Amino acid sequence: MERRDFIKIGGAGMGALMLPLSGIAVSADQMLDKPMDVAYKKKLADIALNAAKAKGATYADARIGRYLNQFVTTRETRVDNIVNTESAGIGVRVIANGTWGFASTSNMTPDSVAQAAERAVAVAMANSKFQTSPVKLAPVKGVGEVSWQTPIKKNAMEVPIKDKVDLLLSVNDAAMSNGANYITSILFLVNEQKYFASTDGSYIDQDIHRLWAPFFATGIGKNGFKQRNALGNPVGMGFEYLDGLEKDKVRISGAGVGYNNSYDMVEDAAAAGKQLKKKLAAKSVEPGKYDLVLDPAHLMLTIHESVGHPLELDRVLGYEANYAGTSFATLDKWKSGKFQYGSDIVNLFADKTQPYSLGNVGYDDEGVKTKQWDLVKDGILVNYQATRDQVHMIDQNESHGCSYSQSWRDVQFQRMSNVSLKPNEKDISAEDVIKDVEKGIYIAGRGSFSIDQQRYNFQFGGQLFYEIKDGKIVDQIEDVAYQSNTQEFWNKCTQLAGKSDYRVGGSFFDGKGQPSQVSAVSHGCPTTRFNDINVINTARNV
Amino acid sequence: MTILSEQKSKTLLAKVLKYSKADEIECNLEGKVGGNIRYARNTVSTAGEESDLELIVQSTFGKRMGVATINEFDDASLEKVVRRSEELAKLAPENEELMPLFGKQKYAESKTFFESTANVTPDDRAEAAASSITPSKKNKLVAAGFLEEAVTFSAIMNNKGLFAYNKATDVDFSVTIRTEDGKGSGWATRNFSDYKLLDTAKASDIAITKSKGSVDAKAMEPGKYTVILEPAASVGLIRNMMRSFEQRGADEGRSFLSYKAKDGEDSEKAPKNKLGQKMFDERVNIYSDPQHPIAPTAPFSGNGYPLAKTEWIKDGVIANMPNSPYWAKKTGMPYVPRGENIIMIGGDESLQDMIKSTRRGVLVTRLWYIRALDPQTLLYTGLTRDGTFYIENGKIKYPIKNFRFNESPIVMLNNIEALGKPERIDGHMIPPMKIRDFTFSSLSDAV
Chain R
1 MERRDFIKIG
11 GAGMGALMLP
21 LSGIAVSADQ
31 MLDKPMDVAY
41 KKKLADIALN
51 AAKAKGATYA
61 DARIGRYLNQ
71 FVTTRETRVD
81 NIVNTESAGI
91 GVRVIANGTW
101 GFASTSNMTP
111 DSVAQAAERA
121 VAVAMANSKF
131 QTSPVKLAPV
141 KGVGEVSWQT
151 PIKKNAMEVP
161 IKDKVDLLLS
171 VNDAAMSNGA
181 NYITSILFLV
191 NEQKYFASTD
201 GSYIDQDIHR
211 LWAPFFATGI
221 GKNGFKQRNA
231 LGNPVGMGFE
241 YLDGLEKDKV
251 RISGAGVGYN
261 NSYDMVEDAA
271 AAGKQLKKKL
281 AAKSVEPGKY
291 DLVLDPAHLM
301 LTIHESVGHP
311 LELDRVLGYE
321 ANYAGTSFAT
331 LDKWKSGKFQ
341 YGSDIVNLFA
351 DKTQPYSLGN
361 VGYDDEGVKT
371 KQWDLVKDGI
381 LVNYQATRDQ
391 VHMIDQNESH
401 GCSYSQSWRD
411 VQFQRMSNVS
421 LKPNEKDISA
431 EDVIKDVEKG
441 IYIAGRGSFS
451 IDQQRYNFQF
461 GGQLFYEIKD
471 GKIVDQIEDV
481 AYQSNTQEFW
491 NKCTQLAGKS
501 DYRVGGSFFD
511 GKGQPSQVSA
521 VSHGCPTTRF
531 NDINVINTAR
541 NV
Chain C
543 MTILSEQKSK
553 TLLAKVLKYS
563 KADEIECNLE
573 GKVGGNIRYA
583 RNTVSTAGEE
593 SDLELIVQST
603 FGKRMGVATI
613 NEFDDASLEK
623 VVRRSEELAK
633 LAPENEELMP
643 LFGKQKYAES
653 KTFFESTANV
663 TPDDRAEAAA
673 SSITPSKKNK
683 LVAAGFLEEA
693 VTFSAIMNNK
703 GLFAYNKATD
713 VDFSVTIRTE
723 DGKGSGWATR
733 NFSDYKLLDT
743 AKASDIAITK
753 SKGSVDAKAM
763 EPGKYTVILE
773 PAASVGLIRN
783 MMRSFEQRGA
793 DEGRSFLSYK
803 AKDGEDSEKA
813 PKNKLGQKMF
823 DERVNIYSDP
833 QHPIAPTAPF
843 SGNGYPLAKT
853 EWIKDGVIAN
863 MPNSPYWAKK
873 TGMPYVPRGE
883 NIIMIGGDES
893 LQDMIKSTRR
903 GVLVTRLWYI
913 RALDPQTLLY
923 TGLTRDGTFY
933 IENGKIKYPI
943 KNFRFNESPI
953 VMLNNIEALG
963 KPERIDGHMI
973 PPMKIRDFTF
983 SSLSDAV
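Protein chains in written order, with our numbering: chain R, 1 to 542; chain C, 543 to 989.
Keep in mind the hints are simulated off the structure, nothing from the lab.
Quick caveat, the model's predicted, so the values are computed rather than measured.
Errors might be hidden in some of the hints.
[As the list claims (entries may be wrong)] Residues from chain R that face chain C, not an exhaustive set, calculated with beta carbons under 7 Å: (1) F102; (2) S112; (3) Q115; (4) N457; (5) N537.
All C-beta atoms in this analysis are idealised placements derived from N, C-alpha and C, irrespective of residue type, glycine included.
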């Protein structure tokens with residue numbers, strides 16, 4: 001994605017965080033004004049589909065999008081930025097001469113829409129000379145005119161800016177009055193109003209909401225500084241996520257609080273301040289083999305990187321070879337029916353219908369109704385994540401509904417579904433998972449993460465590290481990262497907590513593709529134990 | 543239409559300013575026309591064209607600021623975006639750090655625009671794809687690549703008399719060529735302002751050579767090795783380090799550039815940051831220069847302040863740190879805007895010369911998935927990818943399996959054995975580097 005399409009969020013620890021800004025901004029109070037009329041969207045979509053067919057397209061889809069973002073950035077006692085953006089336009093995708101073509105426009109006059117459709121056909125025709133085998137789509141029955149909405153209770157776009165500012169400044173105060181020296185806190189709010197139409201006869205209107213409320217706190221000590229980021233999750237929810245309900249808190253003896261579908265941001269910030277003081281004084285980890293007990297707010301990212309990405313079929317097939325990479329989970333391993341991805345207690349599933357998750361939609365961006373399916377069953381690799389044009393390559397005739405585009409402007413392609421780890425059927429607690437560990441480390445929160453282009457070798461850090469001795473959490477330690485190999489790691493999975501401990505975390509800005517696009521995806525899991533994992537010390541003198 | 547001339551931009555922005563009721567208003571106009579082609583499995587997978595024009599309006603009342611943007615340009619829309627930015631400004635709390643806008647400025651000209659890039663057609667893009675796909679098929683290899691070119695412009699006007707305009711072109715090409723059995727992989731990338739300089743066939747040929755040459759890689763023990771980092775390998779670490787160059791974070795004690803008072807030293811009187819201190823080998827010289835002939839940038843920053851050649855590291859010494867107008871004023875320092883490009887001085891040696899003079903070492907094509915481990919030591923982790931080779935007695939001996947590294951660019955730039963001739967990479971100029979004692983921490987099976 002182009003540099004100019006981003007607003008960079010300043011502040012320590014924020015270097016990698018960027019928010020797409022590609023559209024027009026409107027005031028908060030006008031955020032919901034003038035929704036695009038569904039009948040008009042249908043009319044425009046039909047113009048695009050008919051224009052494409054008239055030029056020779058054998059298939060066409062049109063996505064009319066209105067994308068609203070709001071973000072509020074604060075630092076210590078002041079507000080750095082309040083930005084509202086709105087972006088609207090249409091993207092038309094076609095198959096002509098057996099080849100994909102795409103074009104988009106922000107000019108939604110009938111003429112401009114028809115021209116975009118014609119351009120898409122021209123692109124397809126021009127590129128068809130390289131096509132070795134024509135695009136083959138899995139069948140999708142048209143659903144007629146339908147609609148779907150994220151089940152939100154409080155529309156975040158309707159919450160007054162003052163309330164948002166007050167919340168973030170309270171968060172900053174809680175962190176600083178408990179030990180943090182600096183803090184940046186942010187609200188990211190997203191509303192995708194998407195209309196999809198295809199020559200299959202579908203006209204799908206969806207209203208999708210997402211929210212993320214991170215903070216980045218820093219504590220300065222005599223010998224350096226430490227950072228502690230928020231433990232809350234990005235979610236497919238409204239502003240109700242920030243109600244901080246007790247029923248959604250999981251208290252881990254000796255460690256702190258984990259959050260499920262409701263987040264107490266002020267409480268977490270206060271804890272961050274206290275934990276920063278401990279981090280500055282904590283002993284540095286002794287490198288070696290440890291049993292790791294991974295909190296869901298940490299393990300979600302390990303699932304994302306070591307299961308979600310390698311089981312994307314486009315990567316397996318080589319479509320991402322020049323950028324994100326390919327995958328170790330090759331078709332021969334899947335076909336064998338015996339590939340032991342993890343130990344037999346490991347069950348990983350994909351599910352775009354999971355409530356409160358970032359990937360929860362009614363239909364994907366090529367009109368496929370979303371569903372749940374198994375990826376790893378009793379430790380064995382059983383399936384991938386695929387789109388309509390790929391699924392025939394794994395001898396299936398039903399798309400998994402994994403198509404997504406970040407905006408009307410970009411072409412849709414295969415993106416990760418929510419991928420989650422099933423909890424233990426026995427509803428045991430996180431403490432039960434810890435109690436059998438003689439020498440271990442409990443890790444909470446997402447930290448540094450890095451994995452190779454085929455998803456074998458990875459190294460992950462975290463936010464909080466606790467030494468476990470003889471079945472109990474002892475105290476905070478620092479400078480921890482673990483290195484492993486995906487298959488080896490998942491085969492060392494020895495214990496899972498039950499459904500009461502199951503929590504859903506996620507990634508708000510997952511990047512893939514060229515030009516790069518972001519998507520948001522969630523991962524649910526319980527507290528989970530992995531035995532005998534290599535831990536390194538990340539402290540270094542320079 | 544989306545690339546406006548200087549005069550048209552001036553006329554449009556002047557019209558926008560007339561709608562303003564704010565104390566201060568600053569408008570940015572940004573446009574882009576571009577195209578791309580993506581291919582994989584020896585066939586084109588996606589291709590498209592993009593054009594957009596965006597107006598960003600920042601209004602200020604006292605210490606309150608609001609920003610709104612729009613991509614419609616009729617009179618009603620222009621007035622609407624101004625009103626919206628003013629409304630947001632009124633909703634925003636006061637920000638004591640808000641600084642006044644700059645007045646009229648003078649800019650040196652940067653040659654950032656090349657007709658050759660502006661004239662790229664869909665057929666040219668298809669040709670680029672063919673230059674990888676055809677030889678790959680011939681060699682029983684599999685090509686995946688991406689070409690994207692664009693014309694962009696940016697204009698800034700405020701109600702203090704400032705106006706700036708720049709038009710630029712850019713083309714990016716990258717290709718990964720793998721063996722059919724997936725046991726070998728090679729990669730090459732090119733980035734220019736002038737499309738005429740791009741030779742996609744030559745770049746593809748390098749990827750083909752590396753792909754064939756990387757089959758049946760041997761495993762070497764992780765540890766400290768002398769490495770030759772091609773510019774594409776070191777640019778990620780250098781860029782990450784330069785992103786961390788910033789005066790405020792250093793002064794606040796949360797940067798690798800923060801000064802830690804020594805035992806017995808009065809911390810109040812001690813410097814807050816490492817400005818003027820030697821941190822790297824004396825051969826390390828890094829600066830930004832909008833007028834660089836091969837990697838030029840616009841001659842102004844986003845707030846319209848002129849960008850001039852600025853040294854960041856001079857003979858291994860911290861020469862300047864970027865800051866904000868607020869922090870500059872607070873600390874009594876000159877305002878130093880962040881540069882758009884990173885220019886690192888090298889030597890005359892070619893990559894081949896550097897290999898010839900190496901008794902035992904590792905040639906690294908590129909580094910992948912670089913992530914920070916510790917912001918105070920700038921320790922990063924990541925992996926080698928798409929062409930890692932063992933060098934012995936001046937020759938590439940055999941391909942080796944990829945490594946994970948855990949290393950800091952601070953250490954790296956203190957362990958320099960040699961610097962080669964800089965090349966443009968991702969808009970920067972970076973030399974190939976021979977580095978001793980580079981830390982590889984584990985092996986990866988990835989090809």
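Hints, verified against the model:
no. : hint : in the structure
1   : F102 : 5 Å, holds
2   : S112 : 12 Å, violated
3   : Q115 : 12 Å, violated
4   : N457 : 4 Å, holds
5   : N537 : 10 Å, violated
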